[in-house]
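Going down the list, the protein sequences come from chains A and B.
Quick note on the working numbering: the first sequence kicks off at 1 and runs consecutively.
Quick note on the working numbering: the second sequence kicks off at 1 and runs consecutively.
Everything labelled a hint here was simulated from the structure, so no lab data went into it.
Some hints could be false.
No distinction is drawn between identical chains; accordingly, a pair holds when it is met within one copy or between any pair of copies.
Derived DSS-like pairs: lysine-lysine, alpha-carbon spacing no greater than 27 Å straight-line [claimed, not checked]: (1) 9 to 68; (2) 151 to 218; (3) 19 to 150; (4) 218 to 9; (5) 19 to 151; (6) 24 to 150; (7) 24 to 151; (8) 218 to 68; (9) 68 to 19; (10) 68 to 151; (11) 9 to 24; (12) 24 to 218; (13) 150 to 218; (14) 68 to 150; (15) 19 to 9; (16) 151 to 9.
Every value quoted in this text rests on a predicted model; they were computed, and no experiment measured them.
2 protein chains.
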Amino acid sequence: MSNEYEISKQNRVRQLREKATYDKEAVHAILDSALLASVGFVQDGQAVVVPMLFGREGETVFLHGARKARVIRLLEETVTACMNVTHVDALVYARSAFNSSMNYRSATLFGTPRLVENPEDKLHALRVITECTMPGRWDELREPLENEVKKTGIIALDIESASAKVSSGMPDDEDADYEIPVWAGILPLESAFRTLESDDQLIDGVTASEAVRAMQNKRL
Amino acid sequence: MSNEYEISKQNRVRQLREKATYDKEAVHAILDSALLASVGFVQDGQAVVVPMLFGREGETVFLHGARKARVIRLLEETVTACMNVTHVDALVYARSAFNSSMNYRSATLFGTPRLVENPEDKLHALRVITECTMPGRWDELREPLENEVKKTGIIALDIESASAKVSSGMPDDEDADYEIPVWAGILPLESAFRTLESDDQLIDGVTASEAVRAMQNKRL
Numbered sequence: 001m002s003n004e005y006e007i008s009k010q011n012r013v014r015q016l017r018e019k020a021t022y023d024k025e026a027v028h029a030i031l032d033s034a035l036l037a038s039v040g041f042v043q044d045g046q047a048v049v050v051p052m053l054f055g056r057e058g059e060t061v062f063l064h065g066a067r068k069a070r071v072i073r074l075l076e077e078t079v080t081a082c083m084n085v086t087h088v089d090a091l092v093y094a095r096s097a098f099n100s101s102m103n104y105r106s107a108t109l110f111g112t113p114r115l116v117e118n119p120e121d122k123l124h125a126l127r128v129i130t131e132c133t134m135p136g137r138w139d140e141l142r143e144p145l146e147n148e149v150k151k152t153g154i155i156a157l158d159i160e161s162a163s164a165k166v167s168s169g170m171p172d173d174e175d176a177d178y179e180i181p182v183w184a185g186i187l188p189l190e191s192a193f194r195t196l197e198s199d200d201q202l203i204d205g206v207t208a209s210e211a212v213r214a215m216q217n218k219r220l
Numbered sequence: 001m002s003n004e005y006e007i008s009k010q011n012r013v014r015q016l017r018e019k020a021t022y023d024k025e026a027v028h029a030i031l032d033s034a035l036l037a038s039v040g041f042v043q044d045g046q047a048v049v050v051p052m053l054f055g056r057e058g059e060t061v062f063l064h065g066a067r068k069a070r071v072i073r074l075l076e077e078t079v080t081a082c083m084n085v086t087h088v089d090a091l092v093y094a095r096s097a098f099n100s101s102m103n104y105r106s107a108t109l110f111g112t113p114r115l116v117e118n119p120e121d122k123l124h125a126l127r128v129i130t131e132c133t134m135p136g137r138w139d140e141l142r143e144p145l146e147n148e149v150k151k152t153g154i155i156a157l158d159i160e161s162a163s164a165k166v167s168s169g170m171p172d173d174e175d176a177d178y179e180i181p182v183w184a185g186i187l188p189l190e191s192a193f194r195t196l197e198s199d200d201q202l203i204d205g206v207t208a209s210e211a212v213r214a215m216q217n218k219r220l
C-alpha cells in the first residue's frame, strides 16, 4: 500500500504547492488532532458546510448525526463529499500586508459517503468516534440502547483522495522589505484542554477516571 | 433594520432547535472571534470546502486569495456560497455515549459572492481583513504595491441569511442515567494567543507595537 495519496484533479494543491503533502501519515495526524470537521455537500445545487464530530479508523472516517438529520440524508445521497480540518497555529506578522498570513495545518479529503445501517457496524463506528474524541471513555459508559443506535445516523467516508497543507515558521518577506524598521514575527495560538468541571448531579464519591483526567491540559 | 435574520429554508436550523439563534449580533460575535472560515462552493457538481481568512464589515464578509486561485475563480461563478465558523468550547462527558457531545459556538451564513475589482475597493477590503485578524496592524505597514493588489483576489459576500447554534453547560442525561456511578462533566477547551516570537532578521532596536503586544494571551 502506498504511503501517499495519488494526486488527481480532485486533491491537487494548486496554491503554495511547496506547503503541500500527500503523505498519508501527515494527513492522518492532522485529522486525529481535530475535534470537528467541516463537511461539505450539495443541496439543490448549492454547497452547504456543516461542522461534524468524527472519528478515523485507517482510511475510513465516520461521521454521525441524528438519523433523520438533513446532513445524514443528504450525505447518503451524495456521490462525493469533501471534508476539511484546519488548525491555526500562529498569526504571521510580516513586513507587508501582502505577506502577512497564518501558520496552519490543514487536511482535505474526498470520499463517497455510505450510510452504515447494520446495528453492529453502527456500534463499532460510534465506538471509533467516541474513542477518537474522548479516549478511554467508551468502556466507562453503559452500552448504547437499541433505540439510541436506531436514532443515530452514521456515515462512513472511505478516503478516496486527500491532501494536507502545512505552513510554519517566520514571515517570508520581500527582499526590500527587510530594510523597513517594523516589527515582524509570529504570535502562536494554542488550543488546549483545561481543568475538568464536574456536573453537580454526580453521585457522592464518584470521580473522573484516569483516562479522562489524562485529557486535562492536553494540546491539540 | 431587523435585529434578526429572516428564517428561510436556507438557514433554518433543523436539529436541536432550542440551541439556534438568528440574532445578528450573536452571529457577528461568533464570526468576529474566528480566524478562519470554512467556505463551501460547488465544482463540477461536487462540494469543495476551503478554509479562508476573512474579515467582516457590517453585513459583508470579505474573503481573499491569489487572484488566479481556483477558490477565487469558482466563488466568482458561484450563485450562493456557504460559510461556517465553529469554535469548540468544551468536551461534554455525559453518562452515556448517546448524550456525550461538545459545547460550541457555530455560525453559518449564505450569500452571493461577488468579485471586488476596483483597486480602491480591494484596498478597503484588504484593510478590513487585516484589521479583523491583526487589529492595529494595517497602519504600521507600508502601502500595498499596485502589483500586490493586482495579484490578490477579493470576494465580497453580502450576508443574505445566517444562523447560529450555541451549546453550553453541563451534560443533559436521560433521567435513569443519573443513577449510574460514572463521572460526568465538561472539559473546557481554550484557544488563546501566547507570547510573541520575533523574526531574527529584525532591524536592531525594533520592537512590537502596543497594538501587536495587546494580542498576547488573548482568548478566542
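*Tell me, which hint numbers fail for this structure?*
When the structure is compared with the hints, numbers 2, 4, 6, 7, 8 and 13 turn out to be violated.
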